[in-house]
Structure formats: C-alpha cells, structure tokens
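J.: Residue-level listing of the chains:
There are 4 protein chains.
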Amino acid sequence: MQRPFGKRNDRSMTYNIAILGASGYTGAELTRLILGHPDMTLVALTGERKAGRAMAEVYPFLRGFDLPGLCRIEDVDFSGVDLAFCALPHATSQSVIKGLPRDLKVVDLSADFRLRDPEAYAKWYGKPHDAPELQAEAVYGLTEFYRDQIRTARLVAGTGCNAATGQYAIRPLLAAGVIDPDEIIINLITGVSGAGRSLKENLLHAEMSEGANAYAIGSTHRHLGEFDQEFSAIAGRPVSVQFTPHLAPMNRGILATVYVHGHAQAIYEALEQAYRDEPFIQMLPFGASPSTHDVRGSNYVHVGVAPDRRAGRASVFVALDNLCKGSSGQALQNANLMLGVKETTGLLGAALFP
Amino acid sequence: MQRPFGKRNDRSMTYNIAILGASGYTGAELTRLILGHPDMTLVALTGERKAGRAMAEVYPFLRGFDLPGLCRIEDVDFSGVDLAFCALPHATSQSVIKGLPRDLKVVDLSADFRLRDPEAYAKWYGKPHDAPELQAEAVYGLTEFYRDQIRTARLVAGTGCNAATGQYAIRPLLAAGVIDPDEIIINLITGVSGAGRSLKENLLHAEMSEGANAYAIGSTHRHLGEFDQEFSAIAGRPVSVQFTPHLAPMNRGILATVYVHGHAQAIYEALEQAYRDEPFIQMLPFGASPSTHDVRGSNYVHVGVAPDRRAGRASVFVALDNLCKGSSGQALQNANLMLGVKETTGLLGAALFP
Amino acid sequence: MQRPFGKRNDRSMTYNIAILGASGYTGAELTRLILGHPDMTLVALTGERKAGRAMAEVYPFLRGFDLPGLCRIEDVDFSGVDLAFCALPHATSQSVIKGLPRDLKVVDLSADFRLRDPEAYAKWYGKPHDAPELQAEAVYGLTEFYRDQIRTARLVAGTGCNAATGQYAIRPLLAAGVIDPDEIIINLITGVSGAGRSLKENLLHAEMSEGANAYAIGSTHRHLGEFDQEFSAIAGRPVSVQFTPHLAPMNRGILATVYVHGHAQAIYEALEQAYRDEPFIQMLPFGASPSTHDVRGSNYVHVGVAPDRRAGRASVFVALDNLCKGSSGQALQNANLMLGVKETTGLLGAALFP
Amino acid sequence: MQRPFGKRNDRSMTYNIAILGASGYTGAELTRLILGHPDMTLVALTGERKAGRAMAEVYPFLRGFDLPGLCRIEDVDFSGVDLAFCALPHATSQSVIKGLPRDLKVVDLSADFRLRDPEAYAKWYGKPHDAPELQAEAVYGLTEFYRDQIRTARLVAGTGCNAATGQYAIRPLLAAGVIDPDEIIINLITGVSGAGRSLKENLLHAEMSEGANAYAIGSTHRHLGEFDQEFSAIAGRPVSVQFTPHLAPMNRGILATVYVHGHAQAIYEALEQAYRDEPFIQMLPFGASPSTHDVRGSNYVHVGVAPDRRAGRASVFVALDNLCKGSSGQALQNANLMLGVKETTGLLGAALFP
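Chains as they are written, first to last, in UniProt numbering: chain A, 1 to 354; chain B, 1 to 354; chain C, 1 to 354; chain D, 1 to 354.
Quick caveat, the hints were computed from the structure, so don't treat them as lab data.
Note that the Cβ used here is the ideal one computed from N, Cα and C, for glycine as well.
Treat the hints loosely; a few may be bogus.
Said to hold, decoys possible - Cβ-Cβ distance ranges computed for the label pairs, FRET-style:
1) D:P118 <-> A:S198: 52 to 58 Å
2) A:S198 <-> C:D66: 31 to 37 Å
3) C:Q265 <-> D:G126: 41 to 47 Å
4) A:L339 <-> B:E269: 41 to 47 Å
5) A:R72 <-> C:G236: 28 to 34 Å
6) D:G287 <-> A:D277: 25 to 31 Å
7) B:F78 <-> D:G126: 43 to 49 Å
To be verified - Okay, derived cross-link-like pairs now, DSS-like style, lysine-lysine, Cα gap no bigger than 27 Å in a straight line:
8) C:K342 <-> A:K200
9) A:K342 <-> A:K123
10) D:K342 <-> C:K342
11) B:K200 <-> D:K342
12) B:K50 <-> D:K342
13) A:K200 <-> C:K98
14) C:K98 <-> C:K127
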C-alpha cells in the first residue's frame, strides 16, 4: 500500500542517507525533512527497541511514505551510505560513532561532541568521554558561525537547541564588543518536545498544559558548557553567563530573552550586520520582538532587539523551532554543506501557522 | 531585506497566481503552500482592510519571503494572472467573482458556490444568490470525486472542511450500497482555525483551551446543505444525515466519527477500493482509527473502520487538516488539475509532528 | 513550616478519613476536596511506592496544608478511621478491600466493584474476581439513582467516569420509555486525566496537545459493561449501546453527545423531571448544549437536549468533570450519605473558569 | 430553577456585597470566590452592556447559583451594600468611584488608584487623573505589606497582577538590603486571562496556543509605574527595574523569574523571614522553583530561590494565579480585612490540579 512520493526517479542521482536513532522526535523530524529533500534518499532507519517495525507504526504521520523499516544499527550496510545522522541518546552516540566506518560522514545530534575539551565534557556530563579523539575532530554545528569548517568536516556535532538559541543572540555582540561579557543573562522559554519522547511524569499533558515553570535552575543545565566554550573563545577570556530555561505548554519552539549591558542601537546593528546575508535568520525591525508561533516547523530564526528605559541596557529576543532549526533542520543544513548540496535545499518551507 | 527563495529563476515558466482575501487563515495557508510550489508564482495578494501592508506584517511567519504587498481587489491587474484563489468571506465571494474576467480560472474557498440549487442556497444561507449563473457553472471541489470535471472547469467551489471530512467517510459507502442511507450520524471534532481569524468571544484562548463543546446543534450547520446535495445525488433519493460538530482546543484538524448501519468488513472494502489509488488518502488497517495529530499541516487524509459489537453496525473515522486538505490544500490540488500541473505538486509534504 | 488550615479546632467533631492510593490523580482530587470539607479530617494517606514522602512532595499544589505523610496500607491504624476511600489501581483494589476491617465504610474508586455479575466482571476485566462476596455487597455509586442504598451501604463502588456521563443522559429516558433502547449511540470526548498519572507515550503533552483521536474503538471499552448492566436493568431487557470515546487535549472534562431515537421535547421533559430536585444537575434550556469548560473542577453536571431536523431523533449532551463529579466528587458525595452528613457538603464550589 | 446554595439561612448575618463590572474575568472570579464565602452575600452585580441578563447567561459556569441579575450601576441601591468591588475597565473606574456614596467601602481592581502620584499616573496612563483626591486616599492593596492600613481603609487599590508577582520576590530583599537595587531584572511569564475577556486577535486560541512571545517590551508596561513607586519607597532612593513580560499558552498563572545581585542564602533568609507567618505565601526549599500549575485557582503564592554558579548572583521565582491572588483573591482578602472578617475566610481552597 506504500507508494513512493516526491523522489527523483533516478535514485543514483541522490545521496544515500541513514538515520541512526530514527524513533525519537529528532529522528522523526529528520525523516520529515529528508522526505522533502530532492537530493537525498533515506536508505536506513535504525531503532534498537523498535527494530523490525515500520516507521509508520512508530510514527503514523509517516504512513504512506516509501521508507525503509526500522532495523538495528548492526544490520545497516554502511557501504552504500553517503552520510549518517546520529540521533541517539547522549553517551550512546559516542560509542556508536566510534564504531562506524572512518570515512562515513556523520552529523551527530546528541550532546556527545559539542564540547571540545575532555575535562569540560567530564564536568558537565559526569563521566569521561569514550572517544576523545573524535571529540577533537568534531566541528561544532552552529552553521552560520562554522560554515567553512563544516563543509570539509567528517563529523559535525549538532548544538544544543537552547545553546543555539542563546548563541544567535550573543555571538555577534561579543565579537563586535558591544556588550559587557560579565553581564549576560539568558532567559529561555522552551517547548516540551526538547525533552524527547521520554516517559517522564512532568512531560504528561496533565502536568504540562496550562502552566509554566523553570527547570535546571542553579546553573545546572548542560548547555552552559556550550555557552562557556563558545563565548569564552569569542571574547578571548572566560565568559560565564547566567541561564534559566523554562518549560511552557507548547510542543515546539524556543524563545530566548537575553538581557545585556550595551547600547541597544549598537546591538541591533551588530546583529543586523552579522545576519544580513544569512538565508535563515530574519532581523525584525528595531523595537519588535519575535514569537515562536512564527517559526514553528521551519528552519527560520527571528531576532529582535529592544532598548531598556535605562541607557546602556537592552534585550535581545531570538525565536526558533527547537526540533527544526535547533536540531534536525540544523543537522540537515550542515549535511547539505558536507555533501556539497546547496545549503538551503529542503529547508526553505515556511512555518506552519496557525 | 526580503529575498526570493525557492522559486525558479525563470518566472516565465511558472503560472501567475492571485489570492483574493489573503489576510485570513485560508489565504495564509495558500500562501505557505504556493511558496513551496515549483510551478506557481504569487503575483497578487489582496486584503481590503489591510491593503497597503506587507504580508509579513499581517502574518510574521511569512517574514523574509518574496511576496507582493496586500492590495485591494480593484488594484489587481488580472491580465497577467493565470488563476485566482478566492478566499473571501461568504456572500462577498459571489459578487467579487461575478466581476472578474470571464476567462480567469478561479478556485473559490468560500461557501458561495458549493450548493448548485438556488433554493438550497437560499435556505441554508438565508438570502438569494447574487450570481446564480455562476452557481450553475461551478464544479464541486471534492477532488477525488470530481477530478475530471475539475480538470476542465473554470470555476471550482471549495467544499466545506467539515463537509469534506464527512464525505470521505460516506460517499464510497453510499455508492457501493453497503450502508443504510437513513441511519447515518456524522459526529465531528474540529479545530478552532475553521472559524477563521475572527474576533469572537468563544474563540479566545481563555474560552477555548482545556474544554470541549458541541456547536451548531439542532441540524443548523450549513454544511448539512452539502451533505444533502451530495449524498442524495449518489443515493438517487433524499438522504438526510444527522450531524453534530464539536469544538476542541486544537488549532488544526477535523476528526469525523461516522456511525453507520452496515457490515464493517464490507464498509472497509468499499473504502479501500475507492481510495486504493488516491495519493492523499491513506486507509489504516481494519480496526484502527486515525488521529488528527498525524495529518496536521499536510494534505493527507487518514481513514479507519471499526466494527461495533452488534453485527451490522460500524464506525468510520476520518482525520484531515481543516486548513490544508479541508480547504487550502484541496484548493491547490484543484488548481493543479485546472492548470494541467501534476495533481500532487506542492502537496506531498509530511505532517508536522509533534 | 506546615500550618493547619480550614479545619475545626476540635477534631473529635469530624469524621476521620483515610485515602488508600492517594498518590494518583483521584487521590489528589479527594485530598483537595476533603481539605475543604468541614466535617472530615484526613488521618491517613497511603501510596505504596511513595511511602515515606510528604504529600506536598508528590503534589506540590498541596504544599502548606496540614496533611499526614504517605505511608503503606499495612501501616494504617484503621481503628480510628470512619471511612476509607480506595483509589487504588483496578484489580489491586479488590484484594486490599478484602483485607480491611469488615465494619469499615469504604468508597472504592476503582473498577473492581462496578459490575455485580462475576461473569460480566470476568468478561470485561479478563480475570475472575478475587472477592465475589464483596462484589455482591457493593452498591453502585451513581448517587442520584442509588441514593437510598448508598445511605446504608458499607461498600460503595464508584462508577466509571465515562459510564457516569453516559448514564446521566440515558437513564431517565429508558425509565420513561421515551427512546428506542436499540438505537443508542454514546459519543464521548474525554480529558486526559482520566487515564491517570501513568507514563504512557500517548499521554505526553507532545502527543496529546493540538489533536484528537478515538480510542477503545470496536466496542472494547470496559465501561460498556456498566452501560449494559445498568441500562438492561432499567429497560427490563438487554440493552446494548454503541459507545466511542475520544481523547481531546484537555486535562479535565467529559462531554457526552448521545444520539437517540425519540421525541426531543419528551426527552427534555423526562430529564427535567428526573433532575428537577438534584442539587448538582443543571438542565440547560431546550436547544442549548453544555461545555466542559463550565464544570471544570466542580461537582456539577450540565445537561442539554437538541432536536434533529428529522422528527423522532434527538441528541442529549452531558458535561461533567471526570476527576470531580465523575470520580472523586461522586465518591465524596457518597461518603457524605454514608456518614449521615448533608449530601452536598464540601461539594458546592463553582467551577474554575477560565 | 435556580436554587440557593452554600449560604447561611439568615442573611442578616452576612455582609452585603456588590460587584461593579461583574461581566469580566475578575468579576466572574470574585463571584466564584464570594459564593464560597460564609460571611458575604452578593446583592448586586453590574454590567453595563449586559444589563438585564442573568449572570449564568454571561458565564454558564455560574448556572444554578442564586445570584442577582446583571444591572446598570445607576440601578444599584447602595444603601444596603456593605462593600463594593469595582472591577471596571481602567479610567472608567475613577469616575464611577467618585460618584459612589462617600462612606461605602470600595475595593478597586482597576489600575486607577495604584499610583499615588498624579504625575506618575499621567505619565503611565497618558491622561490626568479624574479623582486625584481619591488617589491620595487609596491604600495600595498588596495585603502582606499594607495590612494595617487596609484594615482601616475606605478605598483599596488592587495591585497589578504582574506588579504583585514581582513585588513578592523583591520587597523583602530591598527592605533587608541584601540585593543591589540597580541590578534587578524581572522576567515574567503570564497567562492569557490577564488580558481579560477582550476581543483581540493575539488572544485567539489559534494565535496563542503552542507558542510564546514577549510583549510590552522596551520598558512600556504600565506595571513599571507600580514597581518604581513601591521599590523606590522601600529603598529610599530611585529604583528602576528592567521588566519583560511574556505570554504563554495558559489561561491562569504568572511565573516571575527575578534576576538579582546578592547572596542566594541571604536572599532566601530574607524571604523566609518576611513570609514565615503569612498564610498564603509558601517558601519552597532552598534551590527549588515553583510552577504555576500548583497555584491555579488558589490564593497561594509559591516562592523559590536558586543560586547562580557565580557568587553574588541569584534568582528568585514567584508563582501565583493572576486572576485569584493577583487580582480577585487579593481583593477578597483585602475586603475581609476591611470588614473585620478573618483575613483568610473563603480563600483557603487548594489549587486545582491537574
């Protein structure tokens, strides 16, 4: 009953893609995006506990698409695979990737290769890294800032979705020297799909809907490791931001409200300059702020700046979709670069509204 | 700051499209879909009260796309337009379309041309029709059942979104004679975007979220007119279904639960037979039922059948997205047919989940 | 830091209450209700897996109230307990209640004692009953229809929340003989808290929000056993309804839309007659239908009737809160009767809107 | 068909209460609360545009309660009224209250009397005040901090709901001198009911659900006027906080995340000291943060403190229900004080969860 849709007839012209860990939300989102990509064909989908099942059983929204069944990683023939997305749980990813063919291009969506420093990894993830040599090789996947390295990378580490959102607000400001690096507060509201398809009490509809709360308070969120690594590198000295994420009853979307010390107009100009030619980053008019509603399901990022009534203080607002631009869309954008495909291919769709 | 995306460079190769009434939800959804359509270019967007504004102001999710600004209908030069979608309010549509060039292909999304019989129109809409000659000309837009007529039509009338959903369940069953035409109950749960971007108290988040209610009870919903027209034509005698729609706190999606008298297996087979070659209609396995979650943002329809414990009774379940397959996606599918483009072009994207 | 609130100083004047299984949603709802009850004091709360923890840890909304800590059932001294609510999982309940003191008044909220017939129990629950003698003793807890028996009962079986909702629509109609017992369809939309605080994938916010689906299709829902038992008893012959529940993204609330054959006006009158003196059941005007929004968090039931355009067909609508009137509120109402307290005590609060 | 519930039989023993502007959300919430208050009877409800209608028509959740019908203010006989709640729109309130009997106790829920300084009023509300003499008389209604003045006040001005939330975090810290007054950022997530039952596009379910956004950015929110007035008075010098509110898809609830410079432990102690004897304010354990889910529908406030990894920085979290403790519950608490009733009467109910 399954029919092939939307694919070139001559599959030899497309790149063969595997998704390791296709049964989670980022794997499903990758599947959705790649089904609409004219130059890629999904040839393998893995899911350890769901091996042997059709993807449409695990995700009925994929019913009717011509997709390989879920199998175990060990059953994948990687010889015909051009690139593998690795959407496995944190810590699992490093051991799996270590075992893959050395010449296979890999985009990892886990947290395993985001931190370059083994000690930072051990500090934030509570265990030594199993593949420190890969850790050194991996390129950090924030496309707009690592584009050239990603083009030639074999292994790209997808960023944390919260980490990406905060960086879009802050990186150009640190680079331009228009804010005080010691006075950065990243306040973030995030959708629930960021926690994955995991069975936790606080993720139940009955517990989530109709309310909001902070989590990972007290500087315990692991994405702080990414902020530290990246911001300190840009500033050329340690930068230690304050970061509080909040859960709100929405499935997709992250809104970062970043409080900084600096002149709002200079901040706006630094961002506008940095993102002028970026296909996915949209600057709002000065004084406007974005909504996650407007980027849902898309690879776009909306950025706004507002002044405080006190001179020298401002807020930067960034909205993106955690599953798409914050994770699977970013991964596909990077894969496009790694394969020599036009960077925006398969990613230009407008958000779903309402 | 706006950049052209995803369009062929040579626009002479694409069809020029206008959307009249682009500032409502169906207009915005059409815009989203057509931006991803390789053979169409939007050349005019109208919005009477919002004329002069950019589409991205009215719908910030469209920021960054290369779109014409909103203008008034009278300011559109229709000479270069190949096809117009008319997403205007009910009753407005008929007078506008009457004034359009006679050779312009039109897909109307309002209720104005759904009923062929002027008396039926007057009964359900409470006023005589202003363009009865067009009423006679218009082809009913339920693609799977009017495909050949739509191909050659100049004016196609989009169906009611609820009406479409119910018909997907029932038409093949009446045609195959496997159900009792006097015992049909259409129970329907619908998302709030079906009511449009209108300022009504009951559509506020505070009134809608976290609860459900029936509406248009007592056989007052206008889509009954469509059911009567279509079902009676198929059955060759009057068919008068019972129909109760309900509002639930979801933005998109319609789930029809249709109670019929007939043998479940015969019903399943009639549906399976009818939809076997349809690109957008997916039959679930016998005994399974669909979820609106799995079709959100897509043009797909999921259909299930379950037996009752009493022989001779069954339920048919149909899920679709009211804004897409129930309205704007259907309209685009019909426009593809009218323009000689491959029917599925621009419509094969998977649903957005979660 | 805990302070006693809202309690009589002289506790000897109140009834001592235990909740067995206080860590589920119905247990928490009972706790909420009893905290506002002037004649009851909670003296024991049990939770097997959470024994040793404070209730406010398990349910932070109860922080600040003077409550006993969670303990194991075996650690409760039942000698000072006047009445126990048993909010344990199905099947567990029967063995626990069998072991309680024979003179302890018990209101059971599980499914274990709803069906009087051991064979019906075995059929719907897939195993023989462990306490058939208690099954015979238990009084069915639909207060408005079993009030006199509940007053003198030792063991009352709370009804299914869906089962209660359907019965409020149908019982008076069967009793008055104003509908055809062979043509009853109960279509129901229910909130997610009815599934409890259980970790199931389909109950996650990401899976539930923004969509709807039917469940337990094909006559498999266990509450059918209650419908059969009760309706057949009233009609004096087998009655076999068709019943389809649906999940919608709301935490509380059940809306039953019941399709019947009968004269709408006669149906309205039969309901109005039956509920005229009921403190918790509100008849809406003829032709109006209720919303679950209007009963959230309360013990009220809203009932409406609408005619179909075909004479002899009608719809009955019933809205209630599944956790309150459908479960814990009903249980408290029954406990009031069993203890000789005014039936409405602690239950008259208005719904929470919005 | 209406029946009196939950009221003392001898009404001469209760205070007679009027609600002016009962048709908005705060009026409805007051009605709900007062129906459960043993010492108050509602004798008048006004609603200019809805005069002549029953309250249950405007708010069906109030069906069945014994309530006066909605009338116009000019039709109220204030001679028998002990206290009036004024839940009218901003600016309307001041002219209405000016016309009320001079000896009538009034709790105003509008913004009209929150600012004591006529110039500050003119600055934030864009017009001169119509009743500056009442402005001088009015007592600011943040109960925990103005309790003694409220007891003897004739006119109490309810605080802004956002303003209340921020003040619960900050007042004790400024008073104790444990934070830097120049480094206060109030980040706030608020539910949609705060905007009232007003027909605005951005409050539609289709626009609100499943997303979040900041609003009133750039120091434009009027509650800044309250922060300035109150914090400057406590600190004895101008204090100018940074404040950004966000809308999230929840009907009730405010979560303030307040970023301060100070030692977390000292901050916790100052708050714990301030709130130790407060019946409605609950301190969470150090390092824990509250959720709006846990205070929904209640008059409780949950307060948490978390340290940042950098010494000398901390976050304070405050959750409350905007309609209850942030508005109508606060008003009732103040009315209790003004009438000499026990302060907590009618307000001790637990939150509704889930």
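J.: Measure nothing beyond the straight line between the CA atoms of K342 (chain A) and K123 (chain A); if it is 27 Å or shorter, mark the hint as holding.
T.: Status violated; Cα separation ~38 Å.
J.: So if I understand the rule, the pair passes when the alpha-carbon distance is 27 Å or less; does K200 (chain B) with K342 (chain D) pass?
T.: Given that 27 Å is the threshold and the Cα spacing comes to 41 Å, the pair is violated.
J.: Between K200 (chain A) and K98 (chain C), is the straight-line Cα distance small enough, at 27 Å or below?
T.: Outside the cut-off at roughly 33 Å; violated.
J.: Is it true that Q265 (chain C) and G126 (chain D) lie within 41 to 47 Å of each other by Cβ?
T.: Distance hint for Q265 (chain C), G126 (chain D) is violated at roughly 56 Å.
J.: Starting from K342 (chain C), check that the Cα of K200 (chain A) is at most 27 Å away, please.
T.: 41 Å, violated
J.: A range of 25 to 31 Å was offered for this pair. Does it hold for the Cβ distance of G287 (chain D) and D277 (chain A)?
T.: 45 Å, violated
J.: Do the alpha carbons of K342 (chain D) and K342 (chain C) lie within 27 Å of each other, as the hint requires?
T.: Roughly 25 Å between the alpha carbons, so the hint for K342 (chain D) and K342 (chain C) holds.
J.: At the C-beta level, are S198 (chain A) and D66 (chain C) separated by a distance inside 31 to 37 Å?
T.: Holds, at about 35 Å.
J.: Given the hint of 28 to 34 Å, is the C-beta distance from R72 (chain A) to G236 (chain C) inside that range or not?
T.: 60 Å, violated
J.: With a cut-off of 27 Å on the C-alpha distance, tell me whether K50 (chain B) and K342 (chain D) pass.
T.: Violated - the C-alpha atoms of K342 (chain D) and K50 (chain B) are around 55 Å apart, more than 27 Å.
J.: Does K98 (chain C) pair with K127 (chain C) here, judged by a C-alpha cut-off of 27 Å?
T.: Holds, at roughly 17 Å.
J.: How does the Cβ-Cβ distance of F78 (chain B) and G126 (chain D) compare with 43 to 49 Å: does it lie in that range?
T.: With Cβ atoms ~46 Å apart, the hint holds.
In this structure, the earlier hints numbered 3, 5, 6, 8, 9, 11, 12 and 13 are contradicted, and the remaining ones agree with it.
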